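Participant: Here is how the chains run, residue by residue.
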Amino acid sequence: AQKVTQAQTEISVVEKEDVTLDCVYETRDTTYYLFWYKQPPSGELVFLIRRNSFDEQNEISGRYSWNFQKSTSSFNFTITASQVVDSAVYFCALSPYFGNEKLTFGTGTRLTIIP
Amino acid sequence: DSGVTQTPKHLITATGQRVTLRCSPRSGDLSVYWYQQSLDQGLQFLIQYYNGEERAKGNILERFSAQQFPDLHSELNLSSLELGDSALYFCASSVDIGDYEQYFGPGTRLTVT
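Here the protein sequences line up with chains A and B, keeping their order. All residue numbers for the first sequence refer to the working numbering, where the first residue is 45 and numbers rise by one. All residue numbers for the second sequence refer to the working numbering, where the first residue is 185 and numbers rise by one.
If you are wondering where the hints come from, they were derived from the structure by calculation, not from laboratory data. Just so you know, not all the hints are guaranteed correct.
[Claimed, not checked] Within a straight-line C-alpha distance of at most 20 angstroms, the following computed EDC-like cross-link-like pairs (lysine to aspartate or glutamate) qualify:
| id | chain 1 | residue 1 | chain 2 | residue 2 |
| --- | --- | --- | --- | --- |
| 1 | B | 241 | A | 73 |
| 2 | A | 82 | B | 238 |
| 3 | A | 82 | A | 62 |
| 4 | A | 114 | A | 62 |
| 5 | A | 47 | B | 224 |
| 6 | B | 193 | A | 88 |
[Stated by the list, open to error] With the C-beta cut set under 10 angstroms, the calculated list includes, among others, these residues of chain B facing chain A:
| id | residue |
| --- | --- |
| 7 | 231 |
| 8 | 237 |
| 9 | 291 |
| 10 | 295 |
| 11 | 296 |
[Unchecked claim] Partial pick of chain A residues on the chain B-facing surface, computed with a CB cut under 7 angstroms:
| id | residue |
| --- | --- |
| 12 | 91 |
| 13 | 94 |
| 14 | 115 |
| 15 | 128 |
| 16 | 130 |
| 17 | 132 |
| 18 | 145 |
| 19 | 149 |
| 20 | 154 |
Bear in mind the structure is a predicted one, so any value in this text is a computation, not a measurement. Yeah, the Cβ is synthetic: ideal placement off N, Cα and C, and Gly gets one too.
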């Protein structure tokens, strides 16, 4: 069985602060994918990143960065110099590498950026 | 805009009724997924189709069914609706199976009264 835990239900930070969203996962698979999605107030789910379990390199995309640590089963997401537009619910998700491609989502972290 | 379209955007219906939600995947995508987002259960995978065939099933109720047509659009049918079926239903699509991102549509918000 697969499980994703996002222990932070809600986070509020002042604009321009850095913020890290935590994600811890459980899986018996030796190979798998990890994802982050953003759900702004408008409701759609926006794909942010996919990382396969072979690749533990950290990734940076603009103000976003991701830290994947297989040893602790964590895939944390950091937003640097946060902006009001970053306010959203962020979901971490997990899927097997082969076969059943369903995404197992965490419960989400609601991030509010205070101007 | 992900390229995945879903209709209708909102749907309000009464208990016991049946509704059909429609999804058009991104051009060229063969795989379609349905997810339900509710306050109680969070985001849950319901079912996946690949090129017209059912590929995977998740926590989909027997009152729910889906299909993918030859033009690759998909429909999710919900019958004997209950208040607890009120949720946001998302469709997602991917190019193929396995090593591909799933792109989500804007969702259909279903309210059962």
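Participant: It remains to establish, for every hint, whether it holds in the given structure.
Facilitator: Verification of the hints:
Between residue 241 of chain B and residue 73 of chain A, the direct Cα distance comes to roughly 19 angstroms. Compliance with the 20 angstroms bound is thereby established for this hinted pair. Straight-line distance between C-alpha atoms of residue 82 of chain A and residue 238 of chain B comes to about 28 angstroms, which puts the hinted pair past the 20 angstroms bound. As the CA atoms of residue 82 of chain A and residue 62 of chain A are separated by approximately 17 angstroms, the hinted pair is consistent with the 20 angstroms bound. Taking the CA atoms of residue 114 of chain A and residue 62 of chain A, the gap is near 23 angstroms; set against the 20 angstroms cutoff, the hint is violated.
With a C-alpha separation of about 17 angstroms, the suggested pairing of residue 47 of chain A with residue 224 of chain B holds against the 20 angstroms cut-off. Among the hinted pairs, residue 193 of chain B with residue 88 of chain A is consistent with the structure: their alpha-carbon atoms are about 11 angstroms apart, no more than 20 angstroms. The restraint placing residue 231 of chain B at the interface with chain A holds, with a minimum CB-CB distance near 9 angstroms, inside the 10 angstroms limit. The interface hint given for residue 237 of chain B is violated, since its Cβ lies 13 angstroms from the closest Cβ of chain A, which is over the 10 angstroms cut-off.
Hint on residue 291 of chain B holds. Least Cβ distance to chain A is approximately 6 angstroms, under the 10 angstroms limit. Given the 10 angstroms rule on beta carbons, the hint for residue 295 of chain B is violated: about 14 angstroms separates it from the nearest Cβ of chain A. For residue 296 of chain B, the suggested interface contact is broken, since its CB lies about 18 angstroms from the closest CB of chain A, more than 10 angstroms. Below 7 angstroms, beta-carbon pairs count as interface contacts, and residue 91 of chain A has one with chain B at about 5 angstroms; its hint therefore holds.
The interface hint given for residue 94 of chain A holds, since its Cβ lies 5 angstroms from the closest Cβ of chain B, which is under the 7 angstroms cut-off. Nearest Cβ of chain B to the Cβ of residue 115 of chain A: about 24 angstroms, over the 7 angstroms cut. The hint is violated. Because the smallest distance between the Cβ of residue 128 of chain A and any Cβ of chain B comes to about 22 angstroms, over 7 angstroms, the interface hint for this residue is violated. With a least beta-carbon distance of about 19 angstroms to chain B, the hint placing residue 130 of chain A at the interface is violated under the 7 angstroms criterion.
Given hint, residue 132 of chain A at the interface with chain B, is violated; its Cβ is 14 angstroms from that chain's nearest Cβ, farther than 7 angstroms. Among the interface hints, the one on residue 145 of chain A holds; its C-beta lies about 6 angstroms from the nearest C-beta in chain B, closer than the 7 angstroms criterion. For the restraint placing residue 149 of chain A at the interface with chain B, the shortest Cβ-Cβ distance is roughly 4 angstroms, inside the 7 angstroms limit, so the hint holds. At about 13 angstroms, the closest approach between the beta carbon of residue 154 of chain A and any beta carbon in chain B exceeds 7 angstroms, and the interface hint on this residue is violated.
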